[in-house]
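Visitor: The lines below spell out each chain.
2 protein chains.
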Amino acid sequence: MSRVLITGGGGFIGQKLAYALAIAGSFRGQAISELVLADVVLPGPIETGISVARIIADMSDPAEVARIWGDGFDVIYHLAAVVSGAAEADFDLGMQANLMGTLNLASAARAQGTCPVFVYASSVAVHGGEVPDPVPEGAELNPQTSYGSQKAMGELLIQDMSRKGFIDGRGLRLPTVTVRPGKANAAASSFMSSIFRDTLEGRRANCPVSGDYLVWHTAPRTIIRNLLHAAEVDGADFGYNRNINLPGRSDTINDMIAAMKLVAGDDPVGRITWERDPAVEAIALGWRGAVRHDKALGLGFVADESFENSIRWFLEDDINQG
Amino acid sequence: MSRVLITGGGGFIGQKLAYALAIAGSFRGQAISELVLADVVLPGPIETGISVARIIADMSDPAEVARIWGDGFDVIYHLAAVVSGAAEADFDLGMQANLMGTLNLASAARAQGTCPVFVYASSVAVHGGEVPDPVPEGAELNPQTSYGSQKAMGELLIQDMSRKGFIDGRGLRLPTVTVRPGKANAAASSFMSSIFRDTLEGRRANCPVSGDYLVWHTAPRTIIRNLLHAAEVDGADFGYNRNINLPGRSDTINDMIAAMKLVAGDDPVGRITWERDPAVEAIALGWRGAVRHDKALGLGFVADESFENSIRWFLEDDINQG
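Those protein sequences? They're chains A and B, same order as listed. The first sequence begins at 1226 in our numbering and counts up one residue at a time. The second sequence begins at 1226 in our numbering and counts up one residue at a time.
For the record, the hints were derived by calculation from the structure and aren't laboratory data. Positions of the beta carbon are idealized from the N, C-alpha and C atoms, including for glycine. Hints are not guaranteed to be accurate.
[Unchecked claim] Simulated DEER-style distance windows between Cβ atoms:
#1 B:1250 <-> A:1523: 26 to 34 Å
#2 A:1457 <-> B:1530: 52 to 60 Å
#3 B:1318 <-> A:1288: 17 to 25 Å
#4 B:1338 <-> A:1269: 56 to 64 Å
#5 B:1336 <-> A:1355: 23 to 31 Å
[Claimed, not checked] Chain B regions said to be covered by chain A (calculated; three or more residues, Cβ under 8 Å):
#6 1347-1357
#7 1360-1366
#8 1377-1387
#9 1461-1469
[Claimed, not checked] A few chain A positions that, by computed beta-carbon distances, are all more than 12 Å from chain B:
#10 1267
#11 1270
#12 1279
#13 1426
#14 1466
#15 1492
#16 1507
Build out the structure end to end from the sequences listed, making use of the hints.
Guide: Now the structure itself:
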């Protein structure tokens, strides 16, 4: 029997991961006895036969972590984070949630004495500054955002606590996940979903950058598959570094739009407007559009084969027909 | 007028730095009005005309940092650390002193609102694991010790707080500093000084590794010169990354011994014994003997020209004639 915790369990990836685990019913050869979804707002329900606890908790407070810990967990997915815009606007908030939250969780996992599997959602935002383009394997992390810096500090913590045998950590640098369901948000990357999602759902959406802007991306289905795989890999196979660049695809906005046209015809493309937004562009141009991920492929993580698939999967899984 | 804080001000490098600052009397074009030496044990006195405060304080406690802060500082040298062996033996102690201590100090510096110069002593121990040999510029930090991991987390903090304009940080990855005065200690690197210092002072000393072991090193005089320079460089010249590999020299133990023979004759060499110590060797072989430091040279930091000089300077500055 296996207990699984998902922080950020109310988020779009957390909910999809919970659903995938509930459908599978077992994990690492063990039946899942309980799935705990924790988030700062109450996570949505997961329709399933297995026991799902939904809890409001803030991981940046050690007392709240202790409260949800109970008998401990066999697998911890740490997806919760204060995202890039918020961490940039409030340095202390980001440090508290992203660095101290990770430390609080990893410390609780360590205190179990069972070296549980700890899957840590890092981000491609750890790459920036002096790093070459495309980002090679083994490049120094030189993030140019507080979010990326805090994620990179968390990576070092996960690696060292794994080396010490406290936790069995796996850090994954997530590409931009698109096409995301739901609504546009304040993230600078929001347009990378909205120009597809919104136009496929019949609304107009603006692309604030040039059509030749290169996006480093992965589909929701692929990220869930890779998150599940992350817990199944033998920790020793990671070698000296538990943190990896997850596979992603490099496509220009123009290529992604062409893929949407191939799958869904001319209408959605016609709903895209092209008003450049210098503020968004300034942030987006600080990101990287191509990242080597040979180590992840060697560990059995999968890459997206096309953005056409991402469009098809959005139509099958997530489109709001309302 | 300029106020300067040195944490680890009771240590061998802290004391030499304080002495050099006191002799200079001014810094960054400003007369030094006060030099504050803080350490967990009372720092030794510095004979000088300028005001030197010596304080016992533990930087891992924010209240103690607040207590010493007074009117704030123009330049902060953060040299204090729990060293490699101790941080490896007690993970929480290392995290508290090395990561939280750095965060406490940088936060106090930020709270001044004046963006003071903050020189952070990182270490070549941030390099390890998957990093190529010799260590190239821009290599991912993949430390294989808790000390190295905590120093690397501190580097990311210094970089991000500098990018935000909170502090004017400069992180320096120090090579092994040899020949150190004083007594052998429990550090695995202790022999890299003792086989020279102790034999020059007439005692026997053991070399626990093979003579072809490659040491990445710098002399005390050079490190002081580079620490002074670190505060003088224009912060903008660091570009996207405030953390650099300091210049060092790659020499085998055999080459270093030959240099000592050239300067001090046959007698000291005859006092070296060669009993291999597998425990020390296991740690030492995890370190790196060669590190690229082109960026530091471009910023005006200096490299050692020979180990003969290091021997000469030890005889001039530090030998215990007693």
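Visitor: All the hints need checking, so say for each whether the structure fits it.
Guide: Each hint tested on the structure:
no., hint, verdict
1, B:1250 <-> A:1523: 26 to 34 Å, "violated, 58 Å"
2, A:1457 <-> B:1530: 52 to 60 Å, "holds, 54 Å"
3, B:1318 <-> A:1288: 17 to 25 Å, "holds, 23 Å"
4, B:1338 <-> A:1269: 56 to 64 Å, "violated, 43 Å"
5, B:1336 <-> A:1355: 23 to 31 Å, "holds, 29 Å"
6, 1347-1357, "holds (count 5)"
7, 1360-1366, "holds (count 4)"
8, 1377-1387, "holds (count 7)"
9, 1461-1469, "holds (count 3)"
10, 1267, "holds, 32 Å"
11, 1270, "holds, 38 Å"
12, 1279, "holds, 32 Å"
13, 1426, "holds, 38 Å"
14, 1466, "violated, 5 Å"
15, 1492, "holds, 43 Å"
16, 1507, "holds, 14 Å"
In summary, the numbered hints that this structure violates are 1, 4, 14.
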